[in-house]
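Asks: Kindly generate the complete structure, drawing on both the sequences and the hints.
Taken in order, these protein sequences are the chains called A, B, C and D. Numbering follows the UniProt record's numbering, with no gaps: position 95 of the first sequence is 95. Numbering follows the UniProt record's numbering, with no gaps: position 249 of the second sequence is 249. Numbering follows the UniProt record's numbering, with no gaps: position 30 of the third sequence is 30. Numbering follows the UniProt record's numbering, with no gaps: position 42 of the fourth sequence is 42.
Derived from the structure by calculation, the hints contain no laboratory data. Ideal Cβ placement from N, Cα and C applies to all residues, glycine included. Do not rely on the hints blindly, as some may be mistaken.
Below, in silico cross-link-like pairs of lysine-lysine (DSS-like), each with a Cα-Cα straight-line distance of 27 Å or less [said to hold, decoys possible]:
id, chain 1, residue 1, chain 2, residue 2
1, D, Lys292, B, Lys292
2, B, Lys146, D, Lys257
3, C, Lys257, D, Lys257
4, B, Lys270, D, Lys270
5, B, Lys292, C, Lys292
6, C, Lys146, A, Lys260
7, C, Lys146, D, Lys292
Which residues of chain C face chain B? A few of them, derived with a C-beta cut under 10 Å, are [unchecked claim]:
id, residue
8, Thr198
9, Gly200
10, Tyr201
11, Gly202
12, Ala227
13, Gly231
14, Ser235
15, Ser238
4 protein chains.
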Amino acid sequence: MAKCLEPSTEYDKRYLWVDTLLILLIGLNVIALVLHSIEAIEQVYYQHFIYFELLSIAIFTVEYAARIWSCVDTPYYQQQAGSNMQKRLHYIRSPLAIIDLLAILPFYLGFFIQTDLRYLRVFRLLRVFKLSRYSRAMQLLLNVFKEERYSLFAAFSVLFIIMLVAACAMYTLEKDIQPEHFSSIPQAMWWSLVTLTTVGYGDVTPVTGLGRLFGGLITIVGIGMVALPAGILASGFSEQLSRRRQFFQLALDQAFKDGKFAEETEPLLKRLRAELGISHTEAAIMRELMEKRYQTLHFNDTAGR
Amino acid sequence: MAKCLEPSTEYDKRYLWVDTLLILLIGLNVIALVLHSIEAIEQVYYQHFIYFELLSIAIFTVEYAARIWSCVDTPYYQQQAGSNMQKRLHYIRSPLAIIDLLAILPFYLGFFIQTDLRYLRVFRLLRVFKLSRYSRAMQLLLNVFKEERYSLFAAFSVLFIIMLVAACAMYTLEKDIQPEHFSSIPQAMWWSLVTLTTVGYGDVTPVTGLGRLFGGLITIVGIGMVALPAGILASGFSEQLSRRRQFFQLALDQAFKDGKFAEETEPLLKRLRAELGISHTEAAIMRELMEKRYQTLHFNDTAGR
Amino acid sequence: MAKCLEPSTEYDKRYLWVDTLLILLIGLNVIALVLHSIEAIEQVYYQHFIYFELLSIAIFTVEYAARIWSCVDTPYYQQQAGSNMQKRLHYIRSPLAIIDLLAILPFYLGFFIQTDLRYLRVFRLLRVFKLSRYSRAMQLLLNVFKEERYSLFAAFSVLFIIMLVAACAMYTLEKDIQPEHFSSIPQAMWWSLVTLTTVGYGDVTPVTGLGRLFGGLITIVGIGMVALPAGILASGFSEQLSRRRQFFQLALDQAFKDGKFAEETEPLLKRLRAELGISHTEAAIMRELMEKRYQTLHFNDTAGR
Amino acid sequence: MAKCLEPSTEYDKRYLWVDTLLILLIGLNVIALVLHSIEAIEQVYYQHFIYFELLSIAIFTVEYAARIWSCVDTPYYQQQAGSNMQKRLHYIRSPLAIIDLLAILPFYLGFFIQTDLRYLRVFRLLRVFKLSRYSRAMQLLLNVFKEERYSLFAAFSVLFIIMLVAACAMYTLEKDIQPEHFSSIPQAMWWSLVTLTTVGYGDVTPVTGLGRLFGGLITIVGIGMVALPAGILASGFSEQLSRRRQFFQLALDQAFKDGKFAEETEPLLKRLRAELGISHTEAAIMRELMEKRYQTLHFNDTAGR
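Replies: Here it is in structure tokens:
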């Protein structure tokens with residue numbers, strides 16, 4: 001059964017079908033949630049929304065159970081030690097399984113807890129995160145975020161401290177003239193956040209001369225606050241790229257270890273190139289540079305004999 | 001005839017003239033379209049706009065026909081197999097030919113379909129895309145976009161999901177207090193898009209305490225949403241640059257393959273340098289570094305004899 | 001006593017405890033400052049705020065005195081020449097000690113100078129900067145800012161000059177139509193800053209045709225003004241990264257100096273890797289690339305014998 | 001006389017004095033211009049502004065004449081062929097000399113042309129560009145802009161085309177509902193520029209459902225428009241940095257050309273390091289890496305004997 005749910009090296013049509021259907025269902029769920037909030041539509045198709053919700057819950061519940069049941073057949077868990085039960089308990093605690101659970105849990109909780117159903121409905125949006133299973137580019141993004149988490153955290157700490165300072169200063173400068181906007185520091189924080197992030201709604205703006213002088217300074221600092229994460233992420237993406245290139249270089253070095261290209265490594269290099277997302281041109285250039293280097297070394301070697 | 005329309009290695013004055021005239025005509029078409037929308041001008045020069053439109057259509061139609069007819073003489077299609085008819089049919093389906101067709105099609109469709117002419121007029125703007133044929137720097141931009149398309153798509157998927165979550169949350173928090181702005185999720189999406197992109201019109205803003213707390217969080221996330229594509233594109237441009245440098249290095253390696261610079265490769269390297277957009281200084285430094293390396297190897301080589 | 005305040009190689013539980021408590025106290029101070037500004041809360045808990053302030057001042061004063069007293073026992077000052085008194089005087093002038101002083105000074109000054117206490121209160125926020133002692137990622141940010149200070153200063157100079165030009169031009173173009181917003185250049189500066197930083201409140205916007213044409217131009221220039229620091233910081237972070245990699249490479253070179261890996265350098269490399277923030281994968285790839293290179297050289301060497 | 005105006009290798013106190021005074025005078029001119037526009041100040045100090053203007057014009061005229069007269073003594077022009085008159089004519093046409101002329105020309109033109117003096121006054125701001133002579137970091141910025149001019153031009157062309165398309169579409173969608181904001185394409189351009197640059201004043205926003213759908217799309221495209229120049233400039237700054245590093249590497253290679261460091265090149269390397277803006281740490285790492293490489297080669301070399 002795992003073959004329908006998890007990718008495998010052997011091409012499996014059923015796997016592709018089940019995946020496509022699940023992605024489609026998630027998309028329909030999001031559309032239904034959005035349409036449901038429009039009163040005119042909700043009043044007419046009220047019944048249809050309930051039927052669709054029940055169908056979705058049924059399918060997602062079956063999917064969740066099937067994934068837990070079949071997780072032991074995936075290559076990752078086959079290599080792990082432990083009984084099938086232990087593996088399934090381990091899988092249940094993985095992020096992807098938790099997202100799957102959160103997608104259906106609010107519905108079942110609705111039976112036990114008496115609450116405003118409209119608030120519960122919002123949690124259906126969690127289903128959109130089920131998509132994260134399918135995108136590889138998004139996993140690259142997450143990787144960059146993970147690698148740069150300390151720098152990004154520091155950048156947002158700086159943003160937070162500057163926001164506090166700006167809010168305090170503006171509270172002091174403008175609270176007498178605009179008590180409706182700057183009567184407390186938490187209120188002034190709204191202005192300082194909207195300004196530092198360069199969103200600038202304009203619902204709250206300084207009006208005194210001193211307030212505008214200081215506000216102008218904060219808009220300039222805001223440029224830096226936007227530039228910091230851009231710079232950190234740019235550096236993170238470049239690093240990911242250069243690391244993948246280094247990794248491919250390593251494989252190339254291995255292929256050239258006898259001084260000339262080992263033909264039998266060709267298919268392995270091809271697969272590695274695709275997996276690392278290195279372009280054809282790039283790989284060809286790297287290989288040719290390698291060949292030149294070994295020719296030179298060989299030349300010296302022969303001359304030195 | 002192809003000589004007037006497509007660039008060739010031999011300098012052809014007629015080609016330059018035709019190109020300049022076509023670029024000029026596209027520019028005039030854009031200016032005419034913009035002026036046409038100003039009522040005061042339109043009422044006075046109504047007749048002139050019609051004459052100019054007819055002239056433009058005539059020239060663009062001739063250009064389109066000429067390009068299809070002469071495409072078989074271009075170097076690219078001369079290397080391809082197949083009859084002239086097949087080549088022309090292939091050319092018609094190329095992006096550049098489709099843009100050329102779209103530039104004139106609305107006019108001819110106007111004869112068959114009865115519709116508000118003013119809406120048709122907007123399609124004339126498509127003519128501006130005919131310019132993409134002429135700019136090489138824009139092709140570099142497109143290249144970077146193409147290489148980074150998966151990362152950019154993932155970034156915009158993240159933006160879309162966060163926009164949905166923000167709209168749902170704000171709809172729940174503010175729909176009772178501001179029913180005119182947050183009465184449905186699609187309406188709340190307008191706010192969340194304007195905030196996440198840091199545009200921040202200010203026509204819709206949260207007013208409740210909880211709404212502003214969450215809204216503030218979304219403005220911070222907005223910084224990340226702006227930083228992501230900036231980071232991806234910065235890494236993409238750097239990669240393009242380093243790849244071109246590697247390519248030039250490869251050519252240099254070839255030129256130095258006998259241990260010293262082969263003078264006959266000089267003109268080839270010059271052309272390559274210009275094509276890859278590597279500066280004079282850069283190329284000179286790379287070559288000198290190369291020379292030093294070979295001198296050292298030669299030195300060792302002699303010592304080892 | 002220094003063991004409780006400064007990090008040391010030997011793991012010291014008391015050090016960790018004191019640090020955690022101090023960080024907590026700083027956080028509570030910030031929260032108290034923010035809550036204090038909300039009138040409803042201030043009126044009820046007025047007394048509590050005073051008690052908490054007195055307690056904080058007491059602890060921070062003890063901390064300040066303890067740090068000055070014990071600074072001579074830190075590794076840095078033990079290596080310095082001079083008497084203990086000289087070392088303490090030197091420490092008092094260090095940025096971290098000045099921040100510590102500024103955190104308590106306003107309170108003591110309040111006894112001597114008669115002023116509005118609410119303004120003095122804002123200075124309590126300076127305590128948040130005491131946190132900079134504890135974050136290593138923030139020190140990386142500061143390092144990048146320090147390295148790129150000339151470029152960033154130039155970028156902000158360009159911003160300043162363009163802001164001046166934009167304000168002058170808009171003052172000339174709009175002062176007759178909107179005298180309430182553009183009656184003087186300093187007033188027009190508010191508009192030009194808000195526009196160039198892409199904040200765009202919308203409280204002041206050009207309304208004449210010529211004003212909007214010029215204003216549109218300034219919005220485009222604003223993109224460049226945001227892009228400049230982003231580009232400078234991106235390049236700065238990349239440089240930091242490549243320098244740390246080069247540094248690790250240097251240590252690797254040292255470890256391989258006899259042509260094969262010296263096992264005894266293993267723990268040193270491990271610590272260096274952690275300190276430089278280089279990932280496990282990265283370090284493993286670099287070491288393997290090193291090994292390949294030496295194998296090749298060894299191969300040539302043997303052949304040349 | 002050139003010694004007071006142009007930097008020279010020999011330290012000249014008079015040169016420093018004249019420069020500082022000129023920079024001060026430019027700063028005072030900018031402040032005077034800004035204060036002059038404030039009516040309350042202008043009415044009281046009217047006479048003083050005129051005196052200061054006359055003094056500034058006198059000094060700048062003398063400076064302009066002195067620079068033209070003494071340009072022949074600068075190292076650059078001493079190396080050039082041609083008579084002193086030819087050199088001076090050549091200098092007059094250089095960008096820096098033109099800026100110097102523009103700083104005083106409006107005043108002298110005022111005698112011949114009868115026009116509103118307040119408009120002429122704005123041109124005094126051109127004097128601020130005289131500062132560009134003194135900043136080296138700004139010359140680095142200009143260099144990056146110059147190197148990336150084609151990419152930046154392409155990016156702004158894309159911005160222009162998308163702005164046109166957005167304006168046309170919004171004009172079609174909203175002109176009937178908001179004739180006061182979208183009655184013509186040039187009027188709609190104001191909205192599309194303000195949105196694409198993420199400034200987002202909010203004075204003009206779409207109100208129809210279709211208009212907001214399309215407007216939301218344009219805000220997303222706006223993120224890309226901001227990211228493009230950020231990416232281009234980030235890559236440009238990185239390239240400048242790596243080129244300077246390559247250049248220093250070249251000099252190091254030269255210093256090591258006999259297999260070990262040539263001590264006599266030490267001062268040259270020091271000056272080069274300072275000129276290229278490479279940090280001490282960076283330079284030390286590069287040199288040590290170099291030493292290791294030569295030790296290894298030497299080791300092989302000895303073994304091969």
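Asks: Each hint needs a verdict: does it hold in this structure or not?
Replies: Results of checking the hints against the structure:
no., hint, result
1, Lys292(D) to Lys292(B), "holds, 17 Å"
2, Lys146(B) to Lys257(D), "violated, 44 Å"
3, Lys257(C) to Lys257(D), "holds, 21 Å"
4, Lys270(B) to Lys270(D), "violated, 33 Å"
5, Lys292(B) to Lys292(C), "holds, 24 Å"
6, Lys146(C) to Lys260(A), "violated, 47 Å"
7, Lys146(C) to Lys292(D), "violated, 30 Å"
8, Thr198, "holds, 7 Å"
9, Gly200, "holds, 7 Å"
10, Tyr201, "holds, 7 Å"
11, Gly202, "holds, 6 Å"
12, Ala227, "holds, 8 Å"
13, Gly231, "holds, 7 Å"
14, Ser235, "holds, 9 Å"
15, Ser238, "holds, 8 Å"
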